[in-house]
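Residue numbers (our numbering), protein chains in the order written: chain V, 28 to 317; chain X, 8 to 304.
Please keep in mind that the hints were generated in silico from the structure rather than gathered at the bench. Note that the Cβ used here is the ideal one computed from N, Cα and C, for glycine as well. Among the clues, some could well be false.
[Stated by the list, open to error] Not the full set, but computed from the structure, chain X residues with beta-carbon under 7 Å of chain V: (1) G78; (2) G79; (3) A81; (4) L82; (5) G154; (6) D155; (7) T159; (8) E164; (9) G166; (10) S184; (11) D190; (12) N201; (13) V226; (14) V273.
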Amino acid sequence: MNLGSDRLAPRLLLAVACTTMLCLLVIALFIFKEGLPFMVKVGLGDFLLSSDWRPDSGHFGILPMIVSSLWVTFGALLIGAPLGIAGAVFLAEFAPQGLMRVVKPAIELLSGIPSVVYGFIGVMVLAPFIRSAAGGPGLSILAAAIVLGVMILPTVMAIAIDALRSVPQSYREGALALGATKWQSVRMVVLVAARSGLLAGVILGMGRAIGETMAVIMVAGNAVKMPLSALDSARTLTANIALEMGYATGMHRQALFATGIVLFLVIMILNGLAGAALKRGSLKRRARGR
Amino acid sequence: MTFPSLRPSLETRRVPAFAVSLLCCLLALGCRGREGSVTLAGSTAFQPFAEKLAEEYDDAHPEVNVTVQGGGSALGISAALNGAAQIGMADLVELPPDASALVATVVARDGIAVVVNPKNRIAEISMPKLRAVYMGKIRNWKELGGGDAPITVVSRESGSGTRSSFESILGRFDLTSDAIIQDSNGTIRETVANDGNAIGYLSYGLVNEKIRSVEVDGVPCSSENILAGSYRLVRPIYLLTLGAPRGTPKGFIDYVLGPAGQASIVADGLLPAPRGAASPAGGVSDAPAPGPEGGAR
């Protein structure tokens with residue numbers, strides 16, 4: 028009986044693992060099946076490089092959405108990554124244990140707040156503030172970047188804390204023994220040793236930012252045009268799909284699936300770039316170590 | 008020796024069993040009374056009214072379960088066509104060609120109020136100027152007699168019945184690409200209420216004290232003016248069915264067209280169906296979607 032279940036368990040787990048893979052495969056296949064014919068029909072140039080999105084009259088240019096998605100994502104990283112890493116450094120290296128026990132669960136709770144709540148606060152508080160302080164419609168790339176920056180904070184911070192904690196204590200002791208101050212040991216030794224973990228946190232945060240839909244629809248204003256400044260209203264790739272999928276038919280529907288393909292590829296490219304940066308960083312470190 | 012190790016496995020086995028039985032109960036609940044269930048989907052302008060009507064109808068007919076979903080008029084049309092909903096809700100001046108397979112019943116009429124922030128001084132706008140604002144040709148309140156501030160144009164997503172009616176009454180045009188797009192009447196209201204320079208449009212029944220509706224061509228948006236036909240931004244609200252309504256959906260549509268339903272519609276700020284359609288017998292128009300209502304224009 029016991030032996031039987033012992034043999035059964037790995038197979039069952041394998042089957043479950045395969046289901047996950049299968050889901051990914053089926054989703055990818057479905058999106059490509061629906062979207063690729065459209066891309067071929069319209070032509071990549073008219074789809075990716077045109078900024079004229081009027082589905083009713085057969086214009087399907089998504090360049091403004093690609094640019095907006097990138098702007099919003101990088102804006103969110105600009106806000107979320109430094110704050111998250113700085114907070115993690117403080118909590119992991121400088122804060123007393125008692126504080127850590129209170130703050131860490133609080134951060135984890137922050138990641139449990141639904142995105143619609145973030146969006147709501149963005150609409151009610153942030154957008155009017157931006158409008159009165161900086162001008163423009165308020166519902167803007169800046170508002171979306173700030174909301175997303177706060178949203179990715181828990182992800183970046185939690186992973187950064189784990190990365191900093193996994194740096195062996197002996198590194199710190201070594202640095203201190205060589206006469207480094209606490210800050211010098213953190214800056215020159217701990218942060219460098221934890222670099223790949225920190226970057227992993229930022230990549231995960233980036234994934235969350237570019238894929239976020241609800242909060243962005245609420246605070247970005249969704250105007251279909253090329254954003255010229257951070258105060259302009261903009262529509263991201265995800266918002267475009269979510270806003271129009273409900274009623275799109277025919278070519279328009281295919282165009283939204285094609286938008287999904289582009290989103291898929293953009294995420295893969297960004298992840299690939301980050302992965303490559305990670306690899307190069309660790310190679311360099313190894314070379315220097317030798 | 009075996010007992011302690013057996014116990015947790017028994018307990019863990021009980022959890023899925025519990026979940027399965029719970030799921031069965033939920034499924035059974037869901038199936039109960041499926042015979043008498045009606046789903047409405049579509050227009051977000053009519054959605055709150057439909058929800059209230061559904062509640063009233065449920066009270067009078069406990070055996071029938073009416074579900075109301077939003078999604079926009081275009082979704083209402085496609086849901087009625089593919090059977091996702093027995094009744095589609097649409098608030099379009101012109102129904103698209105693919106809706107010709109559906110039977111459209113006018114159950115109410117609705118004015119489209121042009122709204123600004125209460126802080127805005129402007130009292131009136133002409134239809135050509137309104138069109139120019141939405142095309143992006145007029146970009147400053149100064150040109151409309153207001154203060155020197157840029158206009159924030161707020162519009163609906165392109166599947167919206169309110170937007171398509173608004174655009175076809177003003178004369179088809181390409182919306183300015185600067186327009187902020189919101190996907191429901193409620194979010195339009197919030198956006199205009201929060202932005203002193205915004206202009207938007209929404210269902211007359213949903214205007215509240217946080218925003219102010221302006222006169223169009225010198226005519227205030229009010230029930231009297233809409234009924235009299237002098238206020239021109241008006242669209243009919245259709246309930247769409249695949250084929251003439253039968254059975255439970257017909258019961259609900261008849262209720263909406265009946266005195267109680269119409270009274271409830273009027274009480275909440277919509278306008279009653281045109282007189283000819285108000286009686287349940289005459290409510291079902293066999294002809295595919297009529298064009299703009301005579302009385303509304």
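Hints, one by one, checked against the model:
no. : hint : verdict
1   : G78  : holds (5 Å)
2   : G79  : holds (5 Å)
3   : A81  : holds (3 Å)
4   : L82  : holds (5 Å)
5   : G154 : violated (14 Å)
6   : D155 : violated (13 Å)
7   : T159 : holds (5 Å)
8   : E164 : holds (5 Å)
9   : G166 : holds (3 Å)
10  : S184 : holds (4 Å)
11  : D190 : holds (6 Å)
12  : N201 : holds (5 Å)
13  : V226 : violated (29 Å)
14  : V273 : violated (29 Å)
Consistency note: the structure conflicts with the earlier hints numbered 5, 6, 13 and 14.
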